[in-house]
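Asks: Using the sequences and the accompanying hints, generate a full structural model.
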Amino acid sequence: MNSPASVASKPVPPPAKEGSASRRLPFDMRQLSLVGVLLALAVVGAITKPDEFLAAENLRLILTQASVIGVVTVGVTFVIIGGGIDLSVGAIVALASVWATTVATQDFGLGGMLLCSVLVGVGCGLVNGVLVAYGPMVPFIATLAMLASARGLALQISDGKTQVVTVDAVLDLGIKDSYVLGVPPIVIVFAVVGVLGWLLLNRTTFGRRTVAVGGNPEASRLAGIAVKRQRLLLYLLSGLCCGIAAFMLIVLTGSGQNTNGNLYELDAIAAAIIGGTLLSGGRGTILGSVLGVLVFTTITNLFALNNLQTDIQQIAKGAIIVAAVLVQKGRSSS
Amino acid sequence: MPLLTMSGTTKSFPGVRALDGVDLDVEEGEVHCLLGQNGAGKSTLIKVLAGAHQPDSGHITWRGKRVRLPTPVSAMRLGIATIYQELDLVEHVSVAENVFLGHEIATRGIVRPREARARTAELLARLGHPEIDPAAPVSSLSAAGAQVVSMARALSHDVRLIIMDEPSAALDPDEVDNLFRIVGDLTEQGVAVVYISHRLEEIRRIGDRVSVLKDGRVAARDLPARTTPTDELVARMTGRDVQYAFPEKTAADAPRAEPVLVAEGLARQGEFESVDLELRPGEIVGLAGLVGSGRSELLETLYGARRPTAGRILVDGKPLRPGSIVAAVRAGIGLAPEERKSQALLMLESVTRNVSVSALPRFSRGGWLDRARERAEARRHTRELGLSPDEPDRPVRTFSGGNQQKAVLARWLLRGCRVLLLDEPTRGVDVGARAELYAVIRRLADTGVCVLLVSSELPEVLGLADRVLVLREGRVVHSAPSHELDEHRVLDLVMRSPA
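Listed in order, the protein sequences are those of chains A and B.
Under UniProt numbering, the first sequence has 48 at position 48, and the numbering climbs by one with no breaks.
Under UniProt numbering, the second sequence has 495 at position 495, and the numbering climbs by one with no breaks.
Just so you know, not all the hints are guaranteed correct.
Said to hold, decoys possible - Quick list of in silico lysine-lysine cross-link-like pairs, DSBU-like style, CA-CA up to 30 Å: (1) 176/A with 161/A; (2) 341/B with 228/A; (3) 318/B with 228/A.
To be verified - With the Cβ distance kept under 7 Å, some of the chain A side facing chain B (calculated, not the full set): (4) 203; (5) 205; (6) 206; (7) 208; (8) 215; (9) 216; (10) 218; (11) 219; (12) 223; (13) 224; (14) 282; (15) 283.
No lab work stands behind these hints: they were computed from the structure.
Beta carbons are placed, not taken as given, at the ideal position from N, Cα and C, and that holds for glycine.
Replies: So this is what it looks like as C-alpha cells:
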C-alpha cells in the first residue's frame with residue numbers, strides 16, 4: 001500500500017522561533033544575574049565597610065541569618081511551583097518555636113524539642129493541605145486562616161512571654177565550639193535542606209509532579225496524576241520546613257517567642273519570586289530561591305553595617321522585587 | 001439595497017485558509033441562515049462580521065457605504081450585535097448591569113442604576129420575558145434566561161443586524177418557540193438576523209434564505225429556506241474538495257478478538273443515555289455526532305473524568321471503578337483530550353517531560369528518577385511517531401499542532417495503554433500533517449491498541465474508523481461498519497430531528 005504519510009509529507013512548518021535563552025545552560029540567566037547582584041552587593045560592602053563586611057565573623061552572620069528564612073523559603077518554593085501559596089509559614093514557625101520551648105517539652109531534652117517542633121510544623125501543614133486539597137479551599141484563604149490561628153495559639157501557649165531554653169544540648173548548638181570547620185550547624189542545616197530540596201525538585205517523581213500540577217492542573221489530572229494528594233504533600237513539606245526552621249530559630253535565639261517568624265511569609269515569597277519562581281506555578285528553582293534569600297539578607301546586613309534605618313531597607317527590598325519581576329517579564333516576552 | 005454585503009472575504013490562519021473569497025448579502029428584516037459542517041468557516045465569518053477577526057482581503061458594505069470593522073466596538077456602533085454560542089455574561093453581576101456592560105447609563109461617571117433597571121425591564125418585556133428581574137444576578141437564571149439577557153444586551157444598542165450562533169443548542173423546545181417568536185418580532189421591525197444552526201427543521205421554520213459554506217467557500221447561496229429539499233442542502237454541505245489520505249483499513253477482516261473495553265448501559269443525566277459499546281484490539285471505532293450530542297462527555301466518562309449515573313464499564317471483563325482517572329489509567333486507558341493546550345500539555349516543559357509524565361514510576365526507584373532511561377524511552381516513542389524535528393528536549397510549545405498531538409500519543413504509548421480515547425485529534429493540525437497523524441493512529445491500532453475516535457469532521461470519522469457509532473442528543477442512533485456509510489447518510493442521521 002502507498003504510505004499515506006508520504007502523500008502529505010509536506011515539510012513540517014518550522015517550529016515557533018526559539019529564543020536563544022531556551023538553549024539549555026547549566027545555569028539560567030536569572031540565576032546568573034542574581035549571582036551578579038550578590039557580587040555587586042559584596043563590592044559595595046567591601047568599599048563602604050572594608051574592614052567589617054568581609055570579616056569571617058560578618059559572613060558567618062549573613063549566612064546564619066539567611067539560614068532560618070532560607071529553610072522556610074525552600075518549602076514555600078515547592079508550594080508556589082505546585083500552584084499554591086502559603087501565607088502561614090511565619091505563624092507556624094512561631095507556634096512551633098513556642099510549643100517546643102514550653103517547660104513541659106523542654107523536659108524531654110533536645111530530641112523531644114526537635115521532634116515537637118517538627119511535628120507542630122507538619123501538623124499545621126497537614127491542616128493546610130487537607131483544607132486546600134480536599135476542602136477544597138483557595139490556598140490564599142486557607143493559609144491566611146492558619147496564619148491567624150497559629151499566631152493566636154502561639155500567644156495563648158506562651159502568654160506573650162519569651163520562653164528561655166534551659167537545655168544545654170540545644171544551647172550548645174549555637175556556640176562557637178559547635179562550628180564545623182568554622183561553619184555553624186544552622187548554616188549546615190540550611191545547606192542540607194537546600195541540596196535535598198534541589199534533588200527532590202529535579203531528580204524525583206515528586207518534583208516532576210509538582211511542576212506538572214502547578215503548570216497545568218487539568219492536564220495533570222487527565223494524565224492520571226493524583227493532583228489532590230500532590231497538593232496535600234506540598235503543604236506537608238512546607239510545614240516540615242517550618243518545623244525545622246523553628247528549631248533553628250530556637251538554637252539561634254536560645255528561646256521561643258510568639259512573635260518569632262514575623263512576616264516570614266512575605267520574605268519567603270519575595271525571595272522565591274526574585275529567584276525566578278512563577279507565582280502562578282509551574283516553574284521555579286531551588287537555587288534561585290536560595291540566591292534570593294542571600295540577596296535579601298546581604299542587603300539587610302549592608303544597611304545595618306552602614307547604620308541605615310530599617311525603613312530605607314524595606315523600601316530597597318520592595319524596589320528589588322519590582323525590578324526582578326519586570327526583568328523576568330521583559331525576558332520572557334522577548 | 002441590501003443591509004450588508006460582504007464580498008471576496010478571505011481569512012487565513014497558519015496552515016488553514018478559513019475563508020476563501022466568501023460573498024454574503026443580508027437584507028433588512030430577513031432571517032439569513034448559514035449552514036455548513038464544522039470547519040466550514042462559519043465561526044470565522046461571524047467573527048469577521050463582529051469585528052473580532054480582521055479579514056486578509058475583501059470588503060464589507062453596510063447600508064451602501066464601505067466600512068471597516070477593526071474592533072468589536074466598531075461593529076457594535078454600526079448596529080451589528082453578535083450572540084455567541086458561549087454566552088458572554090458576567091455571572092455574579094445583575095441582569096441590568098450585564099445588559100449595559102461597557103455602555104453604562106451614567107452621568108459624569110456616576111452610574112444611574114435605577115434607570116438602567118427600568119430600561120432593562122423594558123427590553124425584557126419587549127422580548128416577552130417581563131418576569132426576569134433586572135436586579136437578579138445572571139447566575140440565578142436558566143440557560144434560556146441568560147440567552148434572553150444576551151439578546152436584551154444586543155437590543156440595548158441600536159441594533160440592525162443580530163448574528164446568532166446556534167442559539168437553540170441549549171434550549172428546551174418551548175424555549176425555542178419563544179426564541180422564534182422574538183426573532184419574528186425583530187424581523188418585523190426591520191432587524192436582520194444571521195442565524196446559524198445545525199437543525200434543519202429550525203431553518204425551515206424561521207429562515208428566509210440559506211447560504212451554505214463548505215471548506216471556506218460559499219457552496220450555495222440564495223436557497224429558499226422553506227422549500228429547498230433536505231437532500232440538496234446536505235449534498236451542498238458534503239462533497240468536499242480537499243481529499244484526505246487515509247490509511248488502508250486492516251481491522252475490518254481481522255478475526256474478532258475479545259473486546260478489551262465494554263460499556264453497558266452507560267448514562268449520565270442530561271448528557272447521554274444507555275450507551276453500549278465494545279472496543280476490540282486493533283479496531284478504530286468512530287463516534288459521529290454534533291457538538292452537544294454527548295460525544296466528549298461519553299469519552300470523558302469512559303476515562304473516569306466524569307462519573308456515570310448508570311451503567312458500568314468493563315476492562316478485560318473486570319468492572320472499572322467509576323469516576324476515577326487513576327483507575328482508568330491503571331487499567332490501560334489513555335485520553336488525548338479535545339483542548340490539547342489546556343487539557344493535555346505542560347506548555348512550559350519539554351516534549352520528553354510531557355511524554356513521561358504519566359509513566360514516572362516506571363523510571364523511578366523509591367521516587368528517584370532515572371533520567372537517562374526516561375529520556376531514552378520517551379525518545380523511542382517520539383521517534384516511532386515521527387516527531388519532527390526530532391528534538392524532544394525542546395519545549396513542547398515550540399512544536400506544531402500535529403507534533404504536539406504526537407507528544408500526547410507518545411505519552412500513552414509509553415504508559416503502555418491499550419485503549420486510546422481520541423477527542424478531536426486533528427483539531428488545529430494543518431491538512432498536510434493530518435494524513436501523517438492518521439497513519440500514526442492506524443499504526444497504533446495495528447499494534448493491538450483499541451481506538452475510540454471522536455471528531456466533528458465526518459470524512460475523518462468515516463475515513464479512519466472501522467466502525468462508526470452515530471450519536472444524536474445523547475443516544476446511539478446507528479452503528480455500522482464505516483464502509484456501509486457515507487457522509488451524506490451520517491449527516492442525515494446526525495441532523496434529523498427526533499420523531
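Asks: Against each hint, give a clear statement of whether it holds in the structure.
Replies: Results for each hint:
1. 176/A with 161/A: holds, 27 Å
2. 341/B with 228/A: The hint holds at about 21 Å.
3. 318/B with 228/A: holds, 27 Å
4. 203: This hint holds: residue 203/A lies near chain B, its Cβ roughly 5 Å from the closest one there, short of 7 Å.
5. 205: holds, 4 Å
6. 206: Status holds, d = 6 Å.
7. 208: Check passed: Cβ of residue 208/A comes within 6 Å of chain B, closer than 7 Å.
8. 215: At 5 Å from the nearest chain B Cβ, residue 215/A passes the 7 Å test, so the hint holds.
9. 216: holds, 5 Å
10. 218: Holds, about 5 Å.
11. 219: holds, 5 Å
12. 223: holds, 5 Å
13. 224: holds, 3 Å
14. 282: holds, 6 Å
15. 283: holds, 6 Å
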